[in-house]
Amino acid sequence: MPDNIYLPQLARVASIKEEVAGERSIKTFRVEPVDGELFEHQCGQCAMLSIFGRGESMISIASSPLIREYKQFSIMRVGRVSSAFHELEVGDVVGIRGPYGNNFPIDDWRGKNLIFIGGGCGLAPIWPVITTAVAQRDNFKNITVFYGGRSPRDIMYRAELDKLRDAADVHLSVDKAEEGWDSYCGFVPANVMDKAPSPSNAIAITCGPPIMIKFVIQNLRQIGFTDEQIYTTIENKMKCGVGKCGRCNVGKDYVCVKGPVYSWAELKDLPEEY
Amino acid sequence: MEKILDKKQIDGWIAALTDWEIHAPVLEDGIWAYQPVSGTVRLDHPNTKQSPKEFAFPQREIFFSFEQIKGEAPRLTQVLPKTPHYAVFGVRPCDGRGVPRMDKVFTDHVEDPYYNARRKNVAYVGLACNKPPSPNCFCLSVGGSPVSTDGLDVQLTDMGDRYFVKAVTETGKTMMAAASSLFAEPSAADKKQLKQIHADAVAYPQRKINDPDGAPAKLEASFDSPLWEEMARACIGCGICTFLCPTCHCFDINDEVQNKAPLKGQRVRTWDNCQFPDFTMHSSGHNPRENTAARLRQRVNHKFQYFHKNFGMHQCTGCGRCVSECPVGIDIVTVVNKVTENAG
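Going line by line, the protein sequences match chains A and B.
Okay, so the first sequence: first residue is 1 according to my numbering, each after it adds one.
Okay, so the second sequence: first residue is 1 according to my numbering, each after it adds one.
Read the hints as simulated data drawn from the structure, not as lab findings.
Do not take every clue at face value.
To be verified - Capping the alpha-carbon separation at 27 angstroms, the derived lysine-lysine pairs in DSS-like fashion look like this: (1) K252(A) with K309(B); (2) K309(B) with K268(A); (3) K252(A) with K214(A); (4) K252(A) with K338(B); (5) K192(B) with K7(B); (6) K218(B) with K268(A); (7) K27(A) with K218(B); (8) K252(A) with K131(B); (9) K258(A) with K218(B); (10) K218(B) with K208(B); (11) K141(A) with K112(A); (12) K17(A) with K70(B); (13) K70(B) with K27(A); (14) K104(B) with K258(A); (15) K3(B) with K192(B); (16) K141(A) with K163(A); (17) K252(A) with K208(B); (18) K195(A) with K17(A); (19) K258(A) with K309(B); (20) K309(B) with K208(B); (21) K195(B) with K131(B); (22) K252(A) with K195(B); (23) K27(A) with K112(A).
Stated by the list, open to error - Restraint-style ranges between C-beta atoms, simulated for each label pair: (24) G251(A) with I240(B): 21 to 31 angstroms; (25) D278(B) with A21(A): 24 to 34 angstroms; (26) N254(B) with D107(A): 30 to 40 angstroms; (27) D278(B) with N4(A): 25 to 35 angstroms; (28) I223(A) with V257(B): 51 to 61 angstroms; (29) A14(A) with E111(B): 29 to 39 angstroms; (30) D107(A) with G329(B): 47 to 57 angstroms.
Here a beta-carbon is modelled for each residue, glycine too, at the ideal position from N, C-alpha and C.
Make a model of the complete structure from these sequences and hints.
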């Protein structure tokens with residue numbers, strides 16, 4: 001941590017890719033340090049990104065910790081700061097501070113089958129785990145990725161997901177049937193139920209809209225996954241990132257410090273204030 | 001170090017504290033507020049309207065300024081506060097006990113450089129409460145006392161025509177040493193009188209939280225209690241309870257822009273408030289604490305459950321401001337008592 005926890009480092013936008021168009025569009029940004037190096041991070045951690053004059057926002061880091069040259073963020077246009085991000089051009093300079101929060105215990109998962117289940121923008125927070133696991137392919141058994149969007153146009157990381165098929169079983173879905181779509185039609189939890197991955201020696205990692213997470217967990221439990229085998233991430237509004245500004249707590253813990261990664265065993269007993 | 005100071009000599013003591021900027025409660029337009037004073041200090045206030053937390057945690061703090069000419073990288077200039085040494089006189093024991101609680105928040109996990117820069121320059125000269133200054137005082141219920149020295153550097157006790165002065169910290173000793181000729185050694189009679197005043201102060205009836213030790217577990221068990229909705233019904237979300245509180249620390253961070261092109265502005269911290277709906281509202285519109293019941297529950301749980309679990313003490317010092325100043329009569333003593341009495 002730097003001396004001044006609130007002072008961001010400057011980072012230049014190296015690339016911008018439009019993932020999803022429309023009203024709640026998603027763009028992926030890669031940022032590089034203006035000077036020196038950016039901080040190191042772990043899978044699942046977040047960073048406070050800012051555009052000077054507009055403000056700060058907590059965004060999960062979507063690139064693998066193994067990549068040191070840049071950090072990737074996929075940002076949906078919803079609020080003041082995220083909208084300002086969508087107006088950026090390559091070469092613009094933003095502020096970045098972090099890393100914040102805990103991480104997925106990927107080192108504890110060696111030798112296991114990993115099942116990732118994402119929906120919508122929720123692929124971004126688990127993308128660093130997926131890509132790190134693939135980069136360390138020999139450390140893990142089967143890798144399976146479920147991912148769904150409302151329509152084919154809402155599928156983010158499309159090219160990357162296609163490339164992933166060499167190393168993982170990829171099951172894509174869209175909510176409603178559409179011409180030209182030859183994968184699963186239906187909600188993500190239903191797709192999981194349909195394929196029914198084995199809970200034996202497996203860890204399931206899920207992230208997406210709260211309602212999706214709820215039913216994914218319900219279905220995983222039905223397939224036979226224990227609470228300890230299921231991991232997810234939660235988000236809350238954050239300002240400081242260091243457990244002081246007081247708003248992101250769930251019970252006694254601040255999500256920016258103790259989260260965003262929780263096993264269902266930990267999360268199920270906490271008040272549902274997220 | 002224990003001394004006696006004739007009340008007539010307090011102005012002389014203050015005059016000798018040349019390295020310090022003296023602040024004390026001043027009555028203006030019917031409101032007691034800490035203000036810079038020179039010459040005369042009269043410590044005859046009940047308690048101040050606002051707590052003295054602003055000395056280390058001001059309502060508005062500039063983190064850094066930024067400037068950016070289009071096409072160039074922004075230039076950031078860190079603005080760390082450079083404050084004089086403040087000597088804050090007349091701090092009541094409840095507010096003194098607020099200080100170590102704020103210290104916990106701003107130095108636990110990672111240090112807050114702005115808080116630290118201010119805090120190291122503040123000395124608190126407390127005034128014991130010979131009797132409760134407010135009908136809503138309840139310091140005894142939350143581990144405090146009208147004669148507590150927690151968080152203070154010096155403790156004064158009013159003994160009629162003189163103060164009994166006790167140095168609590170090294171800083172306190174230094175302050176007393178600045179005018180050592182004004183202080184006298186306490187006699188046996190002085191010590192006896194102090195003991196009697198303190199004993200009377202502690203015996204004076206106060207409002208009472210019935211089961212403060214059981215509160216953390218009972219509040220945890222009462223998260224889904226219908227009482228929250230019932231007790232928060234009148235709440236208008238004004239937030240006065242937290243702004244006046246000596247331990248409420250929640251804040252917001254925003255960018256203020258003076259000029260758009262070339263961009264010129266600053267990132268600023270301001271006090272924020274868990275009783276405001278947008279405090280926790282996600283940009284999607286989803287709000288984890290979507291009504292006044294959830295927000296009252298948060299305030300009470302933060303003070304009597306969460307903080308206690310994290311730091312082993314209640315985050316309430318019993319000053320009673322939130323009770324006295326609430327425009328709709330929400331009363332934290334009653335709320336805690338009701339919830340804990342009804343906990344299963």
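How the hints compare with the structure:
1. K252(A) with K309(B): holds (7 angstroms)
2. K309(B) with K268(A): holds (19 angstroms)
3. K252(A) with K214(A): Holds: K252(A) and K214(A) sit about 22 angstroms apart, inside 27 angstroms.
4. K252(A) with K338(B): The hint holds at about 21 angstroms.
5. K192(B) with K7(B): Judged against 27 angstroms, a Cα distance of about 19 angstroms means the pair holds.
6. K218(B) with K268(A): Holds - the C-alpha atoms of K268(A) and K218(B) are around 20 angstroms apart, at most 27 angstroms.
7. K27(A) with K218(B): With a Cα-Cα distance of about 46 angstroms, the restraint between K27(A) and K218(B) is violated, given a limit of 27 angstroms.
8. K252(A) with K131(B): Violated, at about 35 angstroms.
9. K258(A) with K218(B): With Cα atoms ~24 angstroms apart, K258(A) and K218(B) stay inside 27 angstroms; holds.
10. K218(B) with K208(B): Answer holds: K218(B) to K208(B) is near 17 angstroms, not above 27 angstroms.
11. K141(A) with K112(A): holds (5 angstroms)
12. K17(A) with K70(B): holds (23 angstroms)
13. K70(B) with K27(A): holds (23 angstroms)
14. K104(B) with K258(A): holds (17 angstroms)
15. K3(B) with K192(B): holds (14 angstroms)
16. K141(A) with K163(A): holds (18 angstroms)
17. K252(A) with K208(B): holds (25 angstroms)
18. K195(A) with K17(A): Violated - the C-alpha atoms of K17(A) and K195(A) are around 31 angstroms apart, more than 27 angstroms.
19. K258(A) with K309(B): Judged against 27 angstroms, a Cα distance of about 14 angstroms means the pair holds.
20. K309(B) with K208(B): It holds: about 22 angstroms lies between the C-alpha atoms, which stays within 27 angstroms.
21. K195(B) with K131(B): Given that 27 angstroms is the threshold and the Cα spacing comes to 14 angstroms, the pair holds.
22. K252(A) with K195(B): This hinted pair is violated, its Cα atoms lying about 40 angstroms apart.
23. K27(A) with K112(A): Between K27(A) and K112(A) the Cα gap is close to 32 angstroms, so the pair fails against 27 angstroms, i.e. violated.
24. G251(A) with I240(B): 21 to 31 angstroms: holds (26 angstroms)
25. D278(B) with A21(A): 24 to 34 angstroms: holds (29 angstroms)
26. N254(B) with D107(A): 30 to 40 angstroms: holds (39 angstroms)
27. D278(B) with N4(A): 25 to 35 angstroms: For N4(A) against D278(B), whose Cβ atoms are near 27 angstroms apart, the range 25 to 35 angstroms holds.
28. I223(A) with V257(B): 51 to 61 angstroms: holds (52 angstroms)
29. A14(A) with E111(B): 29 to 39 angstroms: holds (33 angstroms)
30. D107(A) with G329(B): 47 to 57 angstroms: holds (55 angstroms)
In this structure, the hints that do not hold are numbers 7, 8, 18, 22, 23, in rising order.
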